[in-house]
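Participant: Just so you know, the sequences run in chain order A and B. First residue of the first sequence: 1, per the working numbering; consecutive thereafter. First residue of the second sequence: 1, per the working numbering; consecutive thereafter.
Simulated from the structure, these hints should not be mistaken for laboratory data. The structure displayed is predicted, hence computed values, not measured ones. Quick reminder that beta carbons are idealized off the backbone N, C-alpha and C, glycines included. Mixed in with the good hints, there may be bad ones.
[Claimed, not checked] Calculated lysine-lysine pairs in the DSS-like style (CA-CA distance at most 30 Å, straight line):
1) A:6 - A:264
2) A:181 - A:166
3) B:209 - B:295
4) B:14 - A:173
5) A:100 - A:9
6) B:7 - A:104
7) A:6 - A:100
8) B:14 - A:109
9) A:100 - B:268
10) B:164 - A:173
11) B:209 - B:268
12) B:107 - A:6
13) B:295 - A:132
14) B:250 - A:104
15) A:166 - A:140
16) B:57 - A:181
17) B:164 - B:292
18) A:192 - A:140
19) B:10 - A:109
20) B:164 - A:132
21) A:100 - A:173
22) B:268 - A:140
23) B:268 - A:9
24) B:268 - A:109
25) A:166 - B:7
26) A:181 - A:221
[As the list claims (entries may be wrong)] Sample of chain A residues facing chain B (criterion: CB under 8 Å; computed from the structure):
27) 79
28) 80
29) 245
[What the hints assert, rightly or not] Stretch-level coverage of chain A by chain B, calculated; a stretch enters the list once three of its residues show a Cβ under 8 Å from a Cβ in chain B:
30) 14–21
31) 32–45
32) 51–65
33) 101–115
34) 155–161
35) 165–177
36) 200–212
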Amino acid sequence: MTKINKSRKTTVYIVAVLLSLLFIFPFLWMVSTSFKTQDQIFDAPMELLPNPFVTDAYRELFTETDFSRYFLNTIFVTGMTLLGVLTSSSIVAFGFSYFKFPAKEALFKVLLATMMLPAQVTMIPQYMLFDKLGWVGSFKPLIIPTFFGGTWVIFLLRQFFDTVPKEYAEAAKMDGANELKIFFRIYLPLAKAPVATAALFVFLWTWTDFLNPLIYLHDDKMYTLSIALHRIASGTHYPNWPVLMGGSLLMALPIIILFFTSQKTFINGATISGIKG
Amino acid sequence: MNEYTLKVRKRTFKRESVLGVIFISPWIAGFLIFTLFPVLYSLYLSFTMTGEGGHLKWIGLDNYLRAFGERDFWLSIKNTLILSGIGIPIAQIMALMAAILLNVRMKYQGLFRTIFFLPSVVPAVATGLLWKWILNPRLGPINGFLEELGFSGPGWLIDPAWIKPSLILMSFWGIGGTMVIYLAGLQNIPDELYEAAELDGANSRQRLKSITLPMLRPVTLFNTIMGIITSFQSFTQVIIMLDMDGGIEKSGLVYGLYIYTNAFRDFKMGYASALSWVLLIITAVSIAITMKVFKDRDK
Chain A
1 MTKINKSRKT TVYIVAVLLS LLFIFPFLWM VSTSFKTQDQ IFDAPMELLP
51 NPFVTDAYRE LFTETDFSRY FLNTIFVTGM TLLGVLTSSS IVAFGFSYFK
101 FPAKEALFKV LLATMMLPAQ VTMIPQYMLF DKLGWVGSFK PLIIPTFFGG
151 TWVIFLLRQF FDTVPKEYAE AAKMDGANEL KIFFRIYLPL AKAPVATAAL
201 FVFLWTWTDF LNPLIYLHDD KMYTLSIALH RIASGTHYPN WPVLMGGSLL
251 MALPIIILFF TSQKTFINGA TISGIKG
Chain B
1 MNEYTLKVRK RTFKRESVLG VIFISPWIAG FLIFTLFPVL YSLYLSFTMT
51 GEGGHLKWIG LDNYLRAFGE RDFWLSIKNT LILSGIGIPI AQIMALMAAI
101 LLNVRMKYQG LFRTIFFLPS VVPAVATGLL WKWILNPRLG PINGFLEELG
151 FSGPGWLIDP AWIKPSLILM SFWGIGGTMV IYLAGLQNIP DELYEAAELD
201 GANSRQRLKS ITLPMLRPVT LFNTIMGIIT SFQSFTQVII MLDMDGGIEK
251 SGLVYGLYIY TNAFRDFKMG YASALSWVLL IITAVSIAIT MKVFKDRDK
């Protein structure tokens with residue numbers, strides 16, 4: 001960490017505060033717009049404070065659109081994805097870390113390589129496959145593939161499992177434990193921190209995902225928040241900004257809350273995902 | 001070693017192999033079904049078109065040749081390259097400067113870092129809508145502010161000349177993720193290097209040029225590559241802000257959007273598959289060039 005003298009420090013403070021204001025302003029604008037009336041937006045657009053302060057936008061979201069349903073849909077898809085990715089990836093990561101078998105490292109290299117593949121290349125054949133299976137228009141294409149492991153999570157957990165001392169497993173073996181027991185009783189409990197990191201990022205990616213729900217969800221009753229907001233925004237020629245900002249805020253809120261409660265994990269994870277390549 | 005132990009070893013080895021493969025089998029199955037098969041099938045599709053009755057017809061290189069003659073194809077490539085070529089370097093410099101700033105030991109350092117990082121966890125759809133609103137020429141706060149200073153602001157997203165600057169401006173709000181990686185890189189630079197330089201009388205600019213930047217080179221390379229991958233595939237915020245055609249005069253028609261509309265609006269799966277292979281090749285070539293530039297500079 002850099003140490004500098006006092007007059008310099010003042011400059012650094014001023015710059016940091018100014019930049020922070022710039023970074024935080026869009027948030028304030030989002031919150032403030034969501035509590036404004038349409039009239040204020042047209043008559044006095046520059047006022048930051050809502051005057052009058054109304055919650056019409058939120059009422060409208062929940063009465064004139066099916067916002068609570070979109071919320072539940074998003075929770076459902078995200079929850080199932082978490083379940084799918086975390087169970088399958090931890091088992092696979094344990095397999096890559098604990099056992100010795102031919103071509104293991106070559107296979108792991110293949111796994112790493114798939115992280116580099118643009119989604120656009122696999123997206124079209126996947127769609128055609130799910131279309132053949134009759135899954136398009138259901139949650140299945142979003143959920144079922146997650147039970148086959150997520151590459152980033154497998155990578156993250158394997159890195160961790162590799163650091164677990166072999167002696168732990170040897171001792172358990174002496175007591176007659178089989179591999180499944182070693183996985184559940186020793187490796188998994190030790191991996192709480194990396195699993196939490198993985199869970200956080202999988203949550204973030206799934207909750208905010210736009211492309212997959214856009215391709216696969218066609219029924220208004222099944223929309224996730226990102227698709228619902230897109231449809232609400234493009235549905236009318238004159239967007240209702242208080243409603244759109246209120247909806248955006250509600251969608252971002254769970255992530256912002258998570259961020260404040262587990263900031264360290266977030267930033268460490270961002271750094272790990274940075275170092276992975 | 002007698003024959004018996006050898007047999008036992010062989011058996012345990014075999015057992016271990018079988019167990020290992022069983023444990024990783026979900027990924028193997030997923031890889032075959034959701035990655036390998038789609039990759040191969042996509043390559044095949046790129047040489048076909050959907051004929052009568054939905055049957056695939058082999059047309060050789062026609063999809064690729066057609067793309068090269070298509071105005072929108074070149075336009076989307078041009079737009080993507082302009083957005084990346086200008087946006088990525090500026091974003092890198094800004095993220096690095098922010099990281100250096102927030103690496104200074106001071107009060108509220110954690111708070112500042114939080115504020116800078118927070119926008120990068122906001123959902124892309126919400127970011128797109130928010131910036132569409134902020135950049136609103138008549139009612140948005142940016143033009144309102146400019147007006148109060150006596151300027152008349154640009155049309156932003158409704159002016160084809162300002163669409164790209166608008167998208168680049170919005171991308172700066174999300175530099176927090178890159179900044180965090182630079183911060184980690186800065187913290188890995190040993191203090192002794194700076195102390196030694198200080199003893200030699202190096203001023204802060206010299207320290208930046210001869211210690212910080214060279215030591216951060218691998219991080220910069222990594223961030224640039226990640227920037228290229230993300231930028232070449234950019235889609236969500238553009239479709240939210242500009243709709244499917246990429247705005248007025250298609251000034252924001254990026255390549256990701258072009259693939260999407262061909263595949264899922266026009267259902268030209270063969271053509272769109274060819275486009276996706278072109279994307280893969282352009283990305284790989286760009287990464288290779290970036291790596292070479294970084295390597296040559298090292299010499």
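Participant: Next step is simple, just say for each hint if it's right about the structure.
Facilitator: Here is how each hint holds up against the structure:
1. Taken as a hint, the residue 6 of chain A and residue 264 of chain A pair is honoured in the structure, with Cα atoms around 29 Å apart against an allowance of 30 Å.
2. Between residue 181 of chain A and residue 166 of chain A, the direct Cα distance comes to roughly 15 Å. Compliance with the 30 Å bound is thereby established for this hinted pair.
3. Distance check on the hinted pair: residue 209 of chain B and residue 295 of chain B sit about 18 Å apart at the alpha-carbon level, within 30 Å; holds.
4. With a CA separation close to 18 Å, the supplied pair residue 14 of chain B and residue 173 of chain A stays within the 30 Å bound.
5. Taking the CA atoms of residue 100 of chain A and residue 9 of chain A, the gap is near 55 Å; set against the 30 Å cutoff, the hint is violated.
6. With a CA separation close to 23 Å, the supplied pair residue 7 of chain B and residue 104 of chain A stays within the 30 Å bound.
7. Distance hint between residue 6 of chain A and residue 100 of chain A is unfulfilled; the C-alpha atoms sit about 58 Å from each other, more than 30 Å.
8. The straight-line distance between the Cα atoms of residue 14 of chain B and residue 109 of chain A is roughly 23 Å, inside the 30 Å bound, and the hint therefore holds.
9. Distance restraint check for residue 100 of chain A and residue 268 of chain B: the Cα-Cα separation of roughly 45 Å exceeds the 30 Å cut-off, and the hinted pair is therefore not satisfied.
10. This hinted pair does not check out: residue 164 of chain B and residue 173 of chain A have alpha carbons roughly 62 Å apart, beyond 30 Å.
11. With a C-alpha separation of about 51 Å, the suggested pair residue 209 of chain B and residue 268 of chain B falls outside the 30 Å cut-off, and the hint is violated.
12. Between residue 107 of chain B and residue 6 of chain A the alpha-carbon distance is near 13 Å, which keeps this suggested pair within the 30 Å criterion.
13. The straight-line distance between the Cα atoms of residue 295 of chain B and residue 132 of chain A is roughly 47 Å, outside the 30 Å bound, and the hint therefore fails.
14. Distance hint between residue 250 of chain B and residue 104 of chain A is unfulfilled; the C-alpha atoms sit about 48 Å from each other, more than 30 Å.
15. Straight-line distance between C-alpha atoms of residue 166 of chain A and residue 140 of chain A comes to about 39 Å, which puts the hinted pair past the 30 Å bound.
16. Using a Cα cut-off of 30 Å, the hinted pair residue 57 of chain B and residue 181 of chain A is violated, with the two alpha carbons roughly 53 Å apart.
17. For the hint pairing residue 164 of chain B with residue 292 of chain B, the CA-to-CA distance comes to about 28 Å; that is within 30 Å, so the pair holds.
18. Using a Cα cut-off of 30 Å, the hinted pair residue 192 of chain A and residue 140 of chain A holds, with the two alpha carbons roughly 29 Å apart.
19. Among the hinted pairs, residue 10 of chain B with residue 109 of chain A is consistent with the structure: their alpha-carbon atoms are about 26 Å apart, no more than 30 Å.
20. A C-alpha spacing of about 39 Å is found between residue 164 of chain B and residue 132 of chain A, which places the hinted pair above 30 Å, so the restraint is violated.
21. Taking the CA atoms of residue 100 of chain A and residue 173 of chain A, the gap is near 16 Å; set against the 30 Å cutoff, the hint holds.
22. A distance of roughly 24 Å separates the Cα atoms of residue 268 of chain B and residue 140 of chain A; the hinted pair therefore holds under the 30 Å criterion.
23. At roughly 59 Å between alpha-carbon atoms, residue 268 of chain B and residue 9 of chain A are farther apart than 30 Å, so this suggested pair is violated.
24. With a C-alpha separation of about 33 Å, the suggested pair residue 268 of chain B and residue 109 of chain A falls outside the 30 Å cut-off, and the hint is violated.
25. Distance check on the hinted pair: residue 166 of chain A and residue 7 of chain B sit about 24 Å apart at the alpha-carbon level, within 30 Å; holds.
26. Distance restraint check for residue 181 of chain A and residue 221 of chain A: the Cα-Cα separation of roughly 42 Å exceeds the 30 Å cut-off, and the hinted pair is therefore not satisfied.
27. With 8 Å as the threshold, the beta carbon of residue 79 of chain A stays out of range of chain B, its nearest partner Cβ sitting at about 17 Å, so the hint is violated.
28. Residue-level restraint check for residue 80 of chain A is violated (minimum Cβ-Cβ distance to chain B is 16 Å; threshold 8 Å).
29. Of the supplied interface hints, the one on residue 245 of chain A holds, with its beta-carbon coming within about 7 Å of a beta-carbon of chain B, less than 8 Å.
30. Restraint check on the segment 14–21 of chain A versus chain B: 4 residues with Cβ-Cβ distances below 8 Å, three needed, restraint holds.
31. For the segment 32–45 of chain A, the assignment as covered by chain B holds, since 4 residues bring a beta-carbon within under 8 Å of that chain's beta-carbons and 3 suffice.
32. Only residues whose beta carbon comes within less than 8 Å of a beta carbon in chain B count, and the segment 51–65 of chain A has 0; fewer than three means the coverage is violated.
33. By the rule of at least three residues with a Cβ nearer than 8 Å to a Cβ of chain B, the coverage given for the segment 101–115 of chain A holds, with 7 such residues.
34. Taking a C-beta to C-beta cut-off of 8 Å, the segment 155–161 of chain A contributes 0 residues in contact with chain B, too few for the three needed, and the coverage statement is violated.
35. Only residues whose beta carbon comes within less than 8 Å of a beta carbon in chain B count, and the segment 165–177 of chain A has 0; fewer than three means the coverage is violated.
36. Counting residues of the segment 200–212 of chain A whose beta-carbon sits less than 8 Å from any beta-carbon of chain B gives 5, enough to reach three: the coverage restraint holds.
Checked against the numbered hints given earlier, this structure breaks hints 5, 7, 9, 10, 11, 13, 14, 15, 16, 20, 23, 24, 26, 27, 28, 32, 34, 35; the rest are met.
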